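Number of protein chains: 2
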Amino acid sequence: MNYDQIMQLALERGFYFPSCEIYADAQAGFWEYGPSGVSMKNKFIELWRRELVRRDKMWEIDGSQIMSQSVFVASGHLSSFADPIVACQKCKSIFRVDKMITEITSIVLPESADLSEFDKVISEKKIVCPRCKGQFDNAHKFNMMFKVGIGPESEPAYLRPETCQSIFVDFPRLYKTMRGKLPIGVAQIGKSFRNEISPRQSLLRLREFYQAEIEVFCNPNKLDNLEKFSEVENTELRIMVGDDIKAMTCKQALESGILPNKLVAYYLALLIEFYQKTGIDVTKSRFRKLGDKEKAFYASVAFDFEVETTIGWLELVACNYRSDYDLKSHGNVSKEKFEVLDDEVKVLPHIFELSMGIDRSLYTILEHSFREDKENERIVLSLKPYLAPVHVGVLSLMKKDGLAEKTEEIFSTLQRKCDAFLDHSGAIGRRYRRLDEVGAPFAITVDHQTLEDQTVTIRARDSMSQERIKISDLDLHLAKSIAFP
Amino acid sequence: MNYDQIMQLALERGFYFPSCEIYADAQAGFWEYGPSGVSMKNKFIELWRRELVRRDKMWEIDGSQIMSQSVFVASGHLSSFADPIVACQKCKSIFRVDKMITEITSIVLPESADLSEFDKVISEKKIVCPRCKGQFDNAHKFNMMFKVGIGPESEPAYLRPETCQSIFVDFPRLYKTMRGKLPIGVAQIGKSFRNEISPRQSLLRLREFYQAEIEVFCNPNKLDNLEKFSEVENTELRIMVGDDIKAMTCKQALESGILPNKLVAYYLALLIEFYQKTGIDVTKSRFRKLGDKEKAFYASVAFDFEVETTIGWLELVACNYRSDYDLKSHGNVSKEKFEVLDDEVKVLPHIFELSMGIDRSLYTILEHSFREDKENERIVLSLKPYLAPVHVGVLSLMKKDGLAEKTEEIFSTLQRKCDAFLDHSGAIGRRYRRLDEVGAPFAITVDHQTLEDQTVTIRARDSMSQERIKISDLDLHLAKSIAFP
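Protein sequence lines correspond, in order, to chains A and B. Just so we're aligned: 403 in this note's numbering is position 403 of the first sequence, and the numbers increase by one with no gaps anywhere. Just so we're aligned: 75 in this note's numbering is position 75 of the second sequence, and the numbers increase by one with no gaps anywhere.
The shape of chain A in the complex, shown without the other chains (with noise of 0.2 Å):
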C-alpha cells in the first residue's frame, strides 16, 4: 500500500480531488472534498468535539478567516513568516533557496539562516538555474501571508495563517461574557492560509487548509495545579528519548521530567486519547520534542505530534508552549488589557496550544485503514464505523418483483437516523466492493425472502460475513455499531 493507491482511491471514490482541475490556470495546493471526503470530515469534527472540547469544557468559537494588519504586526508574522527565496535572472524561476542548496550541494543551512548566507553558498559553490543555468539574483523573503485589499481603498489585511489569533484577539471579550475561570481551552474548526511556495502531496501540504486548533489559557503559576490530571495519568504516550521512542505512562513522563508540568501532559493525554478512536494506529506515533532552530518563532516548548506513514513520518498536531508571546504581543499594539483576575490575583495568561491540521489526519486515517485483501480481489477502508462516511449500504438483489420498493422503504426509515446509501444497479457483487471501498461498515441486502419473512441479510465490511436479520431489528443493531464510542 502507498500514497498513489490512496490518492486513487481518493478520487474515484470521491473523498477528495484537485480544485478547478478543469482550468489551466488550476494552482497547486487547493482541493475539494467531494461527498465521501465531507462526510468523513464531519464525522472527525465530531468527535474531536466530543473528545476535546465538551469533555474539557472548552468554549468553540468561528472566526473570520480575513483580519486586519495589526493583528498580524502584533503577532509577528508579517515581520517573520516569511520563507527565503531566489529568483533566476534570466528565466525568473522562483526557488525556496535552503531547500536548493541542499538539493544541490547537500550543505544544510537552516530557514531561518541569515540571507546572505544563502548568497554566499551560491556563490562559493557556483550554483547556477537548475532549469536554464541562468545566475541567480540575491536571496530575499517572501511573506507566506495572502494579502487581500478592503472596500474600494484597498486598506490592508491577511486570510489568516493560523485560526489561532482569532482566540487570542477575541480572549477580552470571551473571558468576560463567558465567565471564565483558568485555565481554559478555546478552540476552533477553520480555513488556515498559507501562500507555499512549493505546496505538494494532495492534502499534505496546502495553501488552504482546516485547522483545528486548541489554546489553553493558563495561570504559569499554577502548571502543576491540575486536578483533573489523575484522570489520564495512566494514560500510555511514546515519547522521543534521544533517538528513540519510549512508550511511558504520563505520570512516567512527567516524574522523569520528560514532559515540563501536568497541564502539558494532560492535553497530550487527551490528544492521544481522541487519535486512539480515530482508527490511527498510535503505536506508530511519537511525540518529538523540537530543537531551538526547528520550533515556530512563537513556541518556547514544542513537541510535534507525528505518525508513521508510508511517506514518513507526518506531523499532525504542533504542541506548542507559547507562553506569554501573543497575549503580551497583542497587548502591547493594541493597548487592550490582556490580565484577567485568577484567585483574585492579577496575572497575564500563558498559552498552551494543540494545533491540528485535519486534512494531514484524514489522510493518516486512510492510509491506517486502508487494506488490500488479496484473497478476495477487493480493496477495503476499514474505517472505524463511527467516522465511515456511508455507514450502510441498502441494496435490492433485483429491481423487480417489488424488490426496489421493499429497498427504498427500508431505505427512507435508515436514512432519518444514518447515513445510508441506495444502490439499485449492477452486480452484487461489484455494489458490496465500491461499498468497502468508501469503508461502509454494513451492507443491507433485499431479496425474495424478504418479502416473505420481513428479514434481509446484512453483510459485515471486514469478515464479509452475511447474517439474516429482523426488518425490525434493523434500527437497534445499526445504532449500536456505528454510535460514538
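Just so you know, these hints were derived from the structure itself, not from any lab. On a predicted model such as this, the values are computed, not experimentally measured, just so you know. Not one of these hints is a red herring.
Simulated DEER-style distance windows between Cβ atoms:
#, chain 1, residue 1, chain 2, residue 2, range
1, A, D4, B, S300, 42 to 48 Å
2, B, S412, A, S112, 43 to 49 Å
3, A, E372, B, Y3, 55 to 61 Å
A virtual CB, placed ideally from N, CA and C, is assigned to each residue, including glycine.
Could you slot chain B onto chain A? The hints should help.
Just chain B, lined up with the frame of chain A:
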C-alpha cells in the same frame, strides 16, 4: 423588540461580535461567532443537512475558497460582479453612486445603469460630496471580488463570491465518480467573500459570510416529470401575487401558473418545510418573484425567500433558475464536456439553485425567538430545543454539603449525550435568567432533597414550570425533548 436588543443579547451571551475589535484598523463587515453562536450554527447546519441534503439524497461537497481566475472569467463575475462607485476629488471619499443619488435627489437609477447616466445626474443636479462639498470624479465600476496572488509569481486568483462556483466546476467529476442521474442536487456549506462598499448591520451584510447552497442539476425537458412532487403538493407556500401575499399549496401555485414547474415547486416546498422547523415564523414569509432589473445576471427566473423582521423584509434565500448559463460558460472557457446522458439522450443540464444565507437566517431565528417577558422581568430566547446552544443547564442550589459534587456527577453523564452547561455560581434566579437568554430549554437544579431521594427539579424555559424528576429518568426525558424532528 428591535434590532438593537438582539445585538445586545448577541454580544452579551456569546452569539456573535465584531472581528478584530481590539484594533483600530478593524474593518466593517467581519464578525465572529462566539460559543453560543457556534453551537446554534452547527445545529442549524445539521437541520439543513437532514431536511434538504439527506432527505433529497443530495451530494455535499466542500471546495476551496480561493479559485482560479478562469473560473470567474467563465462565471461572468470578473466582468459583471461590480458596483458603480464614485470618488470625491477632494477628500477621496468613495460612495456607491446609485444609492447616493437616490438619497440626495430621490432619483432612482438601477445599479446596472450605464455609468454615463450616473455622471449625467451628478452634473445636472450639481451633486457634490456629502462630506466635504468636493467635486466628484466620473463614476466607475468596483469589482466586489477579493483578489489574491498565488505563489511568489503572484498568479491572480479570487476568493469565491458564491460557493456554487465550486459545484459547477466540479460537476463533471462528481457526476462520473458518484454515478449520477438527473435530477441531482449538489450542496455545499462554506464561506463566500464580497468586498461590499457599505457592510452594515452585523450579520446582515457581511464581507465574509456563510452560505448553504444547493444546485439542482436537471434535464430542462423534464421539469414536470418529478414523482416526488406528490410528497409536497399540499405544502403551503406564501407567494407575492401583485402587491399581495397569497397562501396557496404547491399544487395550486403550479396549476395557476404562479410557479413555472414541478421541480421549482418541489424545492421551494422543501425550503419552507425546513424553515418551519427552524422556529422562524413562516406566516411572516413570502416568495417574491424578481423583476428583470432586480435579478442576478445569471438568473432567468428568480424568487427571493423573504422574512419579515423589525428592520423590514429580509432576503434569506435566493432561488434562481440559472438555466444552462453556468455550465455553458464553463464549458466554453475550459473546453471540458458538461453534457451528460439522461436516459440515453445527451443533455446539458440546467440548474435551479437555493442559495441560503446562514448568518441572516440565524439572525432571523434569534429575532423571531426573542420574547420580553415583562411580568417575570426576563428575556427569553424561545429557540427550538434542537437548535438551542445549550440544551440543559445543570445547577447546584449551593456548593456545600456535597451538592457541588453531585451536580458535577450528573453533568458528566449528561454532557456525553447533549450540550450541558454546568453552573455553580451566583443567585439561582440569575442563573435561570442567563440560561433563558441563551435559549436553554431546560435547567436542572440539584438540592438537598437530591441527596436523599435521587431526584432533581427540572425547569422548563418557556413556562418556567418546575417538576421533580428522578435522575435516572433524565436521559430519556431530555433525549426526547431535544431530538431533531
